[in-house]
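Enquirer: Go by the hints and put chain B onto chain A.
2 protein chains.
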Amino acid sequence: MSAEFRAPATSYLAAPEPPTLADIGKAASRLDGPAVFTPLVESPLLNDRLDCRLLAKAEVLQRTGSFKFRGAFNRLSKLSEDERRLGVVAYSSGNHAQGVAAAARIVGASATIFMPKDAPAMKVLNTRRYGAEVRFYDRATESREEMAEALAHERGAVLVRPYEDPDVIAGQGTVGLEIASDARRLGIRLDAVLVPCGGGGLSAGTALAIAETNPETRVYSVEPQGFDDMARSLAAGARKRIAGGGHSMCDALLMPEPGALTFAVAQGRLAGGLAVGDAATRRAMVTVFADLNLVVEPSGAVALAAVLAEAIERAGRTLCVVLTGGNVDPEIFSEVLASEGWPPA
Amino acid sequence: MSAEFRAPATSYLAAPEPPTLADIGKAASRLDGPAVFTPLVESPLLNDRLDCRLLAKAEVLQRTGSFKFRGAFNRLSKLSEDERRLGVVAYSSGNHAQGVAAAARIVGASATIFMPKDAPAMKVLNTRRYGAEVRFYDRATESREEMAEALAHERGAVLVRPYEDPDVIAGQGTVGLEIASDARRLGIRLDAVLVPCGGGGLSAGTALAIAETNPETRVYSVEPQGFDDMARSLAAGARKRIAGGGHSMCDALLMPEPGALTFAVAQGRLAGGLAVGDAATRRAMVTVFADLNLVVEPSGAVALAAVLAEAIERAGRTLCVVLTGGNVDPEIFSEVLASEGWPPA
Chain A
2 MSAEFRAPAT SYLAAPEPPT LADIGKAASR LDGPAVFTPL VESPLLNDRL DCRLLAKAEV
62 LQRTGSFKFR GAFNRLSKLS EDERRLGVVA YSSGNHAQGV AAAARIVGAS ATIFMPKDAP
122 AMKVLNTRRY GAEVRFYDRA TESREEMAEA LAHERGAVLV RPYEDPDVIA GQGTVGLEIA
182 SDARRLGIRL DAVLVPCGGG GLSAGTALAI AETNPETRVY SVEPQGFDDM ARSLAAGARK
242 RIAGGGHSMC DALLMPEPGA LTFAVAQGRL AGGLAVGDAA TRRAMVTVFA DLNLVVEPSG
302 AVALAAVLAE AIERAGRTLC VVLTGGNVDP EIFSEVLASE GWPPA
Chain B
2 MSAEFRAPAT SYLAAPEPPT LADIGKAASR LDGPAVFTPL VESPLLNDRL DCRLLAKAEV
62 LQRTGSFKFR GAFNRLSKLS EDERRLGVVA YSSGNHAQGV AAAARIVGAS ATIFMPKDAP
122 AMKVLNTRRY GAEVRFYDRA TESREEMAEA LAHERGAVLV RPYEDPDVIA GQGTVGLEIA
182 SDARRLGIRL DAVLVPCGGG GLSAGTALAI AETNPETRVY SVEPQGFDDM ARSLAAGARK
242 RIAGGGHSMC DALLMPEPGA LTFAVAQGRL AGGLAVGDAA TRRAMVTVFA DLNLVVEPSG
302 AVALAAVLAE AIERAGRTLC VVLTGGNVDP EIFSEVLASE GWPPA
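From first to last, the protein sequence lines stand for chains A and B. Using the numbering used here, the first residue of the first sequence is number 2, and each one after it goes up by one. Using the numbering used here, the first residue of the second sequence is number 2, and each one after it goes up by one.
Same shape as in the complex, but just chain A (with noise of 0.2 Å):
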């Protein structure tokens, strides 16, 4: 897949505030219940490979299959009755698109999602078994933020956007408070915690969350060769956008720019930006398949195949991966499996 490189939409009057650790919390209460608290799952073989302690939390589980209900559901628990009414808008290349259809099928809104033409399959089924409809736009030659943003005006209707949005970190950041509690529980110190990033949602809504919670673990983002704006802008201090005709298999995070409230979050509290090529991807989904019995898509995978690819030290240390979402089809990952080989060398 190539990048979505049409230039955003400006989307506030006012920038919006950041959210809080408070706002996480308060997000953690909404989704006591219509959430999965994902469990950290580990394989002593795997551990003995890597010379390493190797947690993956496992968001594949999530309802929807992603973390990204998090942040929907957050975002959408919040809507008045006239809001839900109206229904809401969104646009997502897949997982954002489920979390939102899953979503407001909860909360009784009716949902509409543009998404791209080369979507996964199973990601535009999915998102309209949750009752959502699902427009389809061109990567090359649309706007999906443009789109999007006519309807919802037309409508009067919610835009709820993947990552532009306070509530939509904060849910997010569940992800990083449930990881701190789990390692509090199990008495564990976490070195680091390494989060995929396409526009910062998670990385921003994770680094909040450890940052306040476990102020001695670092968090990296994870992002895919040559769609590593959040690494740049982080080495840089500014928001940086990557240089165009890239190409991943992570059709989840190829966006070219952090989003300005995600990077206002994340800039101090992510410790840094680390890359990872297709190949260690591949490798890391065999990995999950063969050593935890998870089903990864490629953009899940990529904290891990950062771990893989020792692009972070692991002698001795423990290490959190977020495992972000398994919406693969079968014909890529039985390709995967079938090219890739095992067991790893």
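Hints are computed from structural coordinates only; laboratory data are not their basis. The reader is advised that the hints may include incorrect statements.
To be verified - Now the stretches of chain A that chain B is said to cover, found in silico as 3 or more residues with beta-carbon under 8 Å:
id, stretch
1, 60-73
2, 124-132
3, 293-307
Claimed, not checked - Some residues of chain B that are not near chain A, with every Cβ distance over 10 Å (derived):
id, residue
4, S78
5, G157
6, D183
Claimed, not checked - FRET-style restraints, in silico, Cβ to Cβ:
id, chain 1, residue 1, chain 2, residue 2, range
7, B, V108, A, G278, 39 to 45 Å
8, A, R185, B, F137, 42 to 48 Å
9, A, D33, B, R190, 20 to 26 Å
In this text, a Cβ means the ideal position worked out from N, Cα and C, and glycines have one as well.
Expert: Chain B alone, transformed into the frame defined by chain A:
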């Protein structure tokens, strides 16, 4: 794979006492820490399609990737110091092998395991990775029981049987205890629990735990067609041996006859036995991949297969299936994904 039709060696001088609910409770205490209290997972979309509430007990997330660790660890944790020094012997097509190997490593005993020459490569490799010695036998021409008993006798080592052992049955029964505990916590009334059945250790232990804690819930064993010895035995009220010649992809469920002890525990507590063909098992594997983001091996998918095939009434009911293990070679898994197609018809 074909059946193992060698006559089992007589194994006990006196018949062992069947386990009680108290034994399962003690096993749960021993397993608290070493084992994973595995989650019940579900998918609202799958529930919609099946017109029931389906809860899947994710034993694929258990240590060693299958429930077999429970029984093995429960047995090995009771070894005396002398017994640990002399090591243990076992035979298994693969999941009991890994369970015994991992448990032996934890308690500090050596382990020698007899495995069939055609065991899945992943199961053999992981058994070795846990530090066990693997010896191969030929299903068609050799008796694994006799070979294992001879070696155990020669060494003075403890033979850890895969199901004809009260401690192993009690360990597997913690699956039932956890299901009952989670159902209570979630306020769910379970209409039925479906359990994959080979020699009957898990079926017997789960039936015992559920009968004593949730007597209104019916427990069913599920076997591959052609290997439904438990179903036939339950119907006849006495242990029945199936005729040979059957074939099934379920490598862990090819036993020709229930164990004497497992049948004694299961009889009167199992509501009946169901049987499914490989076609339904393959559909179940793809369903678990697509709707639950979990990896389940063929033998681990038969309980869900019985639900998909409507071998049990679904409409409006709450059903629990145990996904017993996820140790499947990537070649098999990718072949199933690629050939089954998705979405399901």
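Enquirer: Each hint: holds or not?
Expert: Right, here's what the structure says about each hint:
1. 60-73: holds (count 4)
2. 124-132: n = 4 at 8 Å, threshold three: holds.
3. 293-307: holds (count 5)
4. S78: Given that every Cβ of chain A is farther than 10 Å from that of B:S78, nearest at about 17 Å, it holds.
5. G157: Holds, because the least Cβ-Cβ distance between B:G157 and chain A comes to about 29 Å, which exceeds 10 Å.
6. D183: The claim holds: B:D183 sits with its nearest Cβ about 13 Å from chain A, beyond 10 Å.
7. B:V108 to A:G278: 39 to 45 Å: Taking Cβ atoms as reference, B:V108 and A:G278 lie about 42 Å apart, which means the hint holds.
8. A:R185 to B:F137: 42 to 48 Å: holds, 46 Å
9. A:D33 to B:R190: 20 to 26 Å: Once the Cβ atoms are compared, 22 Å apart, the range 20 to 26 Å for B:R190 and A:D33 holds.
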